[in-house]
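A.B. asks: If you read the protein sequences in the order shown, they are chains A and B.
If you're matching positions, the first sequence starts at 660 in the working numbering and goes up one per residue.
If you're matching positions, the second sequence starts at 660 in the working numbering and goes up one per residue.
It is worth saying that the hints were derived from the structure and are not from the lab.
Just to be clear, a hint being listed does not mean it is correct.
Remember, identical chains collapse to one label, so a pair may be satisfied in a single copy or spanning two.
Said to hold, decoys possible - As a list, the in silico DSSO-like pairs of lysine-lysine whose alpha-carbon atoms are at most 30 Å apart: (1) Lys664 with Lys846; (2) Lys846 with Lys987; (3) Lys925 with Lys664; (4) Lys687 with Lys965; (5) Lys908 with Lys920; (6) Lys813 with Lys846; (7) Lys987 with Lys813; (8) Lys706 with Lys687; (9) Lys846 with Lys687; (10) Lys977 with Lys821; (11) Lys811 with Lys706; (12) Lys821 with Lys811.
Number of protein chains: 2
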Amino acid sequence: MNKDKRTEISEIGEFGLIDRIHQGVKIKHASTVKGIGDDAAVIGEGKRLMVVTTDMLLEGVHFDLAYTPLKHLGFKAVAVNISDIAAMNAVPRQITVSVALSNRFPVEAVDELYEGINLAADHYQVDLVGGDTTASRSGLIISVTAVGEVEKEKISFRSGAKINDIICATGDLGAALMGLQVLEREKQVFLSNPEMQPDLEKYTYITGRQLRPDARMDIVHELRDLEIVPTSMMDISDGLASELFHISKASGVGVMIYEDKLPIDKQTYDTAVEFDLDPITCVLNGGEDYELLFTIRQEDFKKLEKHPDIHFIGHVTKAEEGLFLVTKSGTAVPLQAQGWKHF
Amino acid sequence: MNKDKRTEISEIGEFGLIDRIHQGVKIKHASTVKGIGDDAAVIGEGKRLMVVTTDMLLEGVHFDLAYTPLKHLGFKAVAVNISDIAAMNAVPRQITVSVALSNRFPVEAVDELYEGINLAADHYQVDLVGGDTTASRSGLIISVTAVGEVEKEKISFRSGAKINDIICATGDLGAALMGLQVLEREKQVFLSNPEMQPDLEKYTYITGRQLRPDARMDIVHELRDLEIVPTSMMDISDGLASELFHISKASGVGVMIYEDKLPIDKQTYDTAVEFDLDPITCVLNGGEDYELLFTIRQEDFKKLEKHPDIHFIGHVTKAEEGLFLVTKSGTAVPLQAQGWKHF
Chain A
660 MNKDKRTEIS
670 EIGEFGLIDR
680 IHQGVKIKHA
690 STVKGIGDDA
700 AVIGEGKRLM
710 VVTTDMLLEG
720 VHFDLAYTPL
730 KHLGFKAVAV
740 NISDIAAMNA
750 VPRQITVSVA
760 LSNRFPVEAV
770 DELYEGINLA
780 ADHYQVDLVG
790 GDTTASRSGL
800 IISVTAVGEV
810 EKEKISFRSG
820 AKINDIICAT
830 GDLGAALMGL
840 QVLEREKQVF
850 LSNPEMQPDL
860 EKYTYITGRQ
870 LRPDARMDIV
880 HELRDLEIVP
890 TSMMDISDGL
900 ASELFHISKA
910 SGVGVMIYED
920 KLPIDKQTYD
930 TAVEFDLDPI
940 TCVLNGGEDY
950 ELLFTIRQED
960 FKKLEKHPDI
970 HFIGHVTKAE
980 EGLFLVTKSG
990 TAVPLQAQGW
1000 KHF
Chain B
660 MNKDKRTEIS
670 EIGEFGLIDR
680 IHQGVKIKHA
690 STVKGIGDDA
700 AVIGEGKRLM
710 VVTTDMLLEG
720 VHFDLAYTPL
730 KHLGFKAVAV
740 NISDIAAMNA
750 VPRQITVSVA
760 LSNRFPVEAV
770 DELYEGINLA
780 ADHYQVDLVG
790 GDTTASRSGL
800 IISVTAVGEV
810 EKEKISFRSG
820 AKINDIICAT
830 GDLGAALMGL
840 QVLEREKQVF
850 LSNPEMQPDL
860 EKYTYITGRQ
870 LRPDARMDIV
880 HELRDLEIVP
890 TSMMDISDGL
900 ASELFHISKA
910 SGVGVMIYED
920 KLPIDKQTYD
930 TAVEFDLDPI
940 TCVLNGGEDY
950 ELLFTIRQED
960 FKKLEKHPDI
970 HFIGHVTKAE
980 EGLFLVTKSG
990 TAVPLQAQGW
1000 KHF
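Kindly produce the complete structure, drawing on both the sequences and the hints.
C.D. replies: In structure tokens:
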């Protein structure tokens, strides 16, 4: 390392860092169909390809054990990886789980964590095939790798969106972010007055979305049944706006989305207002929803039109038209990507 | 979690914990050929199968940045996973790398770490296809997953050793442990008197073995060229004795090894003596050598007899005969497994 130069990671940001890492990579094998730069890597040579993805959750960064039950955490650690498999339009098959934990955790805590992991393995029909258990000097760390499979002609990359495609989002957005705000507030209330019982009853939907998200494998299976292959797809983990920038960049297109089409749950909306936050900003920039964002050809619209949980939020435009949100009043405002802020 | 009961992890140990986790696992897919319990999982359905393994390295547990250059660390994080692929007699193809780092690391440090990762990717001919970069509140964490492939009839599990097979070990053992002892001593010397320069020149081989181990893919390729499929194989990461217990348990056999056949480098030997340690104990229980331990049929012996880097350390016996070391004086003493002591 050149001791004379010190560039802070915050100067180049997460995506700058990923680009920098990506630049040093040389692909050697024909079996590497897709490397860094999508929700999962795609490997193999035949008609059926494998997808591989990995994600690490760290205590104090991605979760707070003050309000996160270990069973939910185990489930979530699996679900966030399954969500990346779903985002490739693939079906998950196996997972490995590495856990680092300090001796403040008794065996019973490990049991509880794995109860959630096994529950998720059943729910998503995947086999837990390996991993690693090690000591940690600091907090709990869970690193999951998921392996899935997909027929070559059914993969959805981020890069396939075409002009006039319809932009779809599943479920509702912003709930996990508002759930986190509530959990953090109640934690502070508890810390300043341990006799106060946290009042979470009105917030069960949004706190559930934060603590125990569900990957949308149901949508992947429904799309298969309807014989729809999304022209592009990714999961919404960093926030809708940020993901739209990824699709736009990877596909070389612009996007136009409509405020009145954005899906938001009433509890999310009400809680945002309670917290003096703009609900639409929560929908655009809230992370961890683990819903799917995808684009379909116009001719596939009829097949999905009446789907209760798929929302048609806009359409794909030419790259030079940029990324815009049309507000309820009809004004087109440029989208801003906030994305990930851990550093 | 039942609040009434608290079992310390140290009470059941690493292997007890792994057994406990293993018990909760149900395998659902025919494509899961081998789950938990070998160096890597084996998945797939055709003639060519995939192997997948994952390992996490944590600062303060697995490495100390006081004496570990980041470039070596990056290389090692990959090499230890490749070693698990080699242990299945498979060839590695792809890796994913997740890194968590705090803001005390500048971008230049990340560059240095990835320089080592990319060097290893070239050395082992694997593609870096994905991963994750995240913030850490504490130390540096690196989690690597490696994917490899192998023809179905060439896989070596831990479970295939047969009575009268010859037990082989590659390279030399105990060096990484003694390298660690030297590095730790020099660190203490430096901490108590920062003007003292560490004197590592006599120890370059053993410190190199600790800081930058090399997975034995060369041996895997040579065995293929010689058309030898080891009846069982694993890598030596926790210490020879511990690994022999794994082979013994998985294969349902006993082992007899000979002290005078155990491979030890002169520098390892001399350093053990300097530290008042029994060199043979270092060979039996030193971890992180990342050599291969395997068994071959008697008829394959001729093909390997003159190999300069494969040592014939003993033979496989009946399960009821147990695990024994025959000392230089001809006494058979029961082997003791120490294994992993991170908790």
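A.B. asks: Would you pick out the hints that fail for this structure and give their numbers low to high?
C.D. replies: Failing hints, ascending: 2, 3, 4, 6, 7, 9.
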